[in-house]
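Asker: Below, each chain spelled out in residue letters.
2 protein chains.
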Amino acid sequence: MSEDNTVFIGNKPVTAYVMACVTQFNRNADSIVLKARGRAISRAVDVAEVLRHRFMKDLVELTDIKIATEQIETREGNLTNVSAIEITITKT
Amino acid sequence: MSEDNTVFIGNKPVTAYVMACVTQFNRNADSIVLKARGRAISRAVDVAEVLRHRFMKDLVELTDIKIATEQIETREGNLTNVSAIEITITKT
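Chains as they are written, first to last, in numbering that gives the first Met the number 0: chain X, 0 to 91; chain H, 0 to 91.
Source of the hints: derived by calculation from the structure; they are not laboratory data.
Predicted, not measured: the structure shown is a model, and the values here were computed from it.
Be aware that a few hints might be false.
Remember, identical chains collapse to one label, so a pair may be satisfied in a single copy or spanning two.
[Stated by the list, open to error] Derived lysine-lysine pairs resembling DSBU-like cross-links, with alpha carbons at most 30 angstroms apart:
1. Lys11 - Lys56
2. Lys90 - Lys34
3. Lys90 - Lys11
4. Lys90 - Lys56
5. Lys34 - Lys56
Whenever a hint applies, use it, and build me the whole structure from the sequences.
Answerer: Below, the structure written as C-alpha cells:
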C-alpha cells in the first residue's frame, strides 16, 4: 500500500481526520491506513468509528487492526517505548 | 468466553492491569479480553504490548482486536457515543 494513503492521527479534532479520509476516498483511494501513537490511539479509533458508522456508512469497512511498540527519542535524547496502532479502512 | 476472563481498563497505572492479567493467566485462564472505552483505549494497547513483549514474552499472543461504538449515559442523563476496544490475548 502506498504511503499516500496513510493518515497520521495527532491532536486535531476527530472531524479534521474524518474529513481527510473522506477526501482521500473521493480521490479514489481504495483503502486508508490510520496511524497513531500513544494517547492519540483512542482518537484513531474514534475516527474509524465515525467514518464507518456515520460519514461513510455502508461504503467502507474495517479490514485490519494492528498494534505495535515503537521506539521514539525523547527531547533529552533517550529512547523510550510508545504503543502504536494501525487501522486499515477499505471501500466495500 | 467467560466474563471472568475480562479485564476492564480504567485510570490505574498500566502495570496494575498487567499484574491483573498475569494473575489470571496463572490461575489457568487460557485467554483474557482487555476492554476499554474512550481515553483508556490507549492504555489497553499499552497493557497488551507490555504483556506480550515483556512480562509474558513468548507465552501469549494477540488473537483478536475489535473496535466498536457504545452508548453511555452522561451525568445529565443524555445518551452519548463512546469508542471502545476489545483486545484478546491467548496463551501460546
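Asker: Broken hints, numbered, in rising order?
Answerer: none
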